[in-house]
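As you go down the protein sequences, you meet chains A and B in turn.
Quick note on numbering: the first sequence equals residues 2 to 542 in the working numbering.
Quick note on numbering: the second sequence equals residues 2 to 542 in the working numbering.
FYI, nobody ran anything at the bench for these hints, they're computed from the structure.
Nothing false has been slipped in among the hints.
Here are a few chain A residues that face chain B, going by a calculated C-beta distance under 10 Å: (1) Pro10; (2) Asp26; (3) Gly65; (4) Asp66; (5) Asn179; (6) Val197; (7) Gly247; (8) Leu346; (9) Arg392.
Glycine is no exception: its CB is placed at the ideal position from the N, C-alpha and C atoms.
Below, each chain spelled out in residue letters.
Number of protein chains: 2
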Amino acid sequence: MLATMMNVPLLLSSILRHAAGCHGDGEIVSATVEGGLHRYTYGEMASRSRKLANALSRLGLKSGDRVGTLAWNGYRHLELYFGVAGCGLVCHTINPRLFREQIAYIVKHAGDSVLCFDLTFLPIVQEMAAQLKDLKALVALTDAAHMPRSEALPGLLCYETLIAGESDTFDWPHLDENAASGLCYTSGTTGEPKGVLYSHRSSVLHAMSIALPDVFDLSAEDVVCPIVPMFHVNAWGLPFSVPMVGAKLVLPGPHLDGASLHALFESEGVTFTAGVPTVWLGLLDWMDAHACGFSALKRVAIGGSAAAPVMFRRFHDKGVQVRHAWGMTETSPVGLAAALKSKHLALPPEERLALQCKQGRPVFGMEFRIVDQDGREVPHDGKRFGAMLVRGPWVAQGYFNAPQSAAHADYPGWFSTDDVVTMDPDGFVRIVDRTKDMVKSGGEWISSIELENIAMAHPAIMEAAIVARADARWGERPVLVAVLKPNARFTPEDMRAHYESRTSKWCVPDDLVIVDELPHTATGKLSKKTLRRLIEADGAA
Amino acid sequence: MLATMMNVPLLLSSILRHAAGCHGDGEIVSATVEGGLHRYTYGEMASRSRKLANALSRLGLKSGDRVGTLAWNGYRHLELYFGVAGCGLVCHTINPRLFREQIAYIVKHAGDSVLCFDLTFLPIVQEMAAQLKDLKALVALTDAAHMPRSEALPGLLCYETLIAGESDTFDWPHLDENAASGLCYTSGTTGEPKGVLYSHRSSVLHAMSIALPDVFDLSAEDVVCPIVPMFHVNAWGLPFSVPMVGAKLVLPGPHLDGASLHALFESEGVTFTAGVPTVWLGLLDWMDAHACGFSALKRVAIGGSAAAPVMFRRFHDKGVQVRHAWGMTETSPVGLAAALKSKHLALPPEERLALQCKQGRPVFGMEFRIVDQDGREVPHDGKRFGAMLVRGPWVAQGYFNAPQSAAHADYPGWFSTDDVVTMDPDGFVRIVDRTKDMVKSGGEWISSIELENIAMAHPAIMEAAIVARADARWGERPVLVAVLKPNARFTPEDMRAHYESRTSKWCVPDDLVIVDELPHTATGKLSKKTLRRLIEADGAA
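With the hints as extra help, turn the sequences into a complete structure.
Structural data, given as structure tokens:
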């Protein structure tokens, strides 16, 4: 028997209408590519998104067409999020840090009709000009005064000119909530990038979920600055969740160095921010070097890759609470968040920290299974590990225009995350490693993450990575690759002494390689693939 | 173009599975009808709900059948919420405070197949025995030791005996999320009670919404005690939302007097509670009389009817933050919550209080329109008032087995709330009055709520109500009906002096009637209907 409740779909346009109607004077502050801060309100943002919707329909776009973006976190990108998705098109955010060939592949695979880009990325677009000539429009996200003269891009449109003449009256259509609203490609550690096609329903549910107290805890009292880029899994959903709760939104633009972030946080009174560990390392180091603190920041969410315990302590010493979270492009992204329970409040600080350093416990809506190599459930004892499977209303059931997916094939109805984890009886998950990053020595698994955390706790080490090196006797053995702090000294003997008191003897790395910089992927994660090549070359040399 | 996200429905069984899987040792504490506290965990609750599902299917119930409940807030009632809805049946909560004839009407209209009741309500069930003889089962919510011998109810089943022999293995079916899960009748100030048939989807979305920081702000660090009854709009959704976030749940059973509540809050460390003003008046008065405070309580949600500013102050003085909320049976119920925004934090305390005393601003998902008598939008200026319409995924689009509904007819797609309100530019709604409670004097509307709040601020007044009395010259004039505090004195002259400095002269009540007690409806609200009859009789006397 069906209930008699209203059939009101979950649509991204509802978020926009809510923000404009109930938080019309709520502020959006953007650090711009052109320089300086831009300020306006949710009311103005909604009005310009409606103008954009009219402009897109004038360009001849049809329901389901993709509009690509190469852009930083800024107000025009936000208008694209809502204006494009709101009228039934798909906002396809492209990671500009990918290789040119990958970007060209993605634009083509997605079948983008329009590509909008920040001036920063003009060189990329110019280089790809030949591959973009069939697009309906190329749009520079700037005003007439800043429009570049580009001979390679003869029909280039100016965003401000494009929307200037449009009416700000537009009735957002009553779409099917399962209609596609966004598209984001995973950088893909193996094979070509794969696209995740989000729906209005998945985006709205995820936005509600991340605002919950035990996830990012977002309210209208907050000032939120997403450092995680809007081209990276929708900036973890914050561009949807922040207008939903009516918080002030601060968008950091292109400058993500410590000095720029600290100045922005202080001038705008940011209370909550979110990003990957690499960015926080830069911010914390800059603050320590300049002996300054935070005046408004209360909470930071860290995800993308695991943060070392020392980072929790450094934030804590500055009066900021860290919330570890886990997710993937395929999971919208947030699936786990490390919020304590009432029974944990009385634990000693070190035990609380140990829990908070785990990847977190399932947010409501997401279901997890941990299975061994034979597909049997692994007990939730916090010790035994297995592969993590996930299912939920904001998990992809496949990839865009790619019917075959190994990650969806093994366990029908579930997505295989490629993470090897333990889960404790409270649901807290600890990522032991990525399946392919584990070091298998003498038939036993060694977690690269655990060894990296030990290294990071040494005062001489700035950044550390553990990679497997082929070994005739043991199969594989761990090698530590490290970046040292300025003027620090760290020898193989120091390494062995440091590890021997902190892990089993057979887990101590065999070798140490000191480098000036660790290789990162386009999404800011350590590139273990590049490192393995480096180590092999090093061994061969 | 449809997205490629997983098709995972929003089901109440997902809440149960999440609570059991991630918060298996989370506590549920219930004050029982039989006496004493009962303690168990989410894991045990889920296990017993599965046994109940097996027992219900053994009774021959089919998908969509209704299971009625006459019960306090307790663990067996909670098992019915999840066990009944989870297997595709409908949990029909009945308000035992209604008149017998209304209860009999509701059981018949709902077509209940089974009726489950706490021992408190045995007399009601016995009286209705003749009308209940066609039901598949009558179940006393108790154990064998406490089973009554009732000749009027020969086939009476015992809940504990019913589930004792069942397996705790039960696969919750993969239902349509729009399937009916719950049924609740509005007490109906006019005409017969009307049933609202909730869906899994509406209940899950509402449960997520009320856990948000700007609504009830629920986390796994909380200990939550819903005082609002589980037979009253699903206790405002808390029995779904609390397991969803994994908070400890404290269910108060039958004793809602100040002494019982205070003892329960203190012994269980309750951090958040929710209920109607009448209950809080009892609690606060008892605490003042016994000069005691709260050791753990941080927040209280007040709804059902408007709380006077003095109640906010009394809680505030005890270190408790009050969150005003508004809702109706037809809206699941929560549609408005009075959470401040960042821009309000710097306001003087009195201005902040004035905002917090409003009914609140729209929670995301709920859309509101304020219209004048001609159906035109009233500006959101916080001054001009109109009728409030609402729409959203957890609003009823009609009533169960009642195709005609005046409240849905006037504005297609919208539900007319019967409240007369103002909305300010921030979305804060102030209820001026119920349409039928407004006093129309000389062509001008007088708000009964505003005059009641003024009366409540007088030190001699315990409880106050304003009702309209027919007046030959003015059409209607306001009359104050008041209950005085013990040994207090309050004359018509005191009343006039008190009002004259606080409202326009033409709004000062014409007359004062002192009573020992104000009449309340079965849901604890002031019964203006009874009061109007009283005033007419008084005038006629």
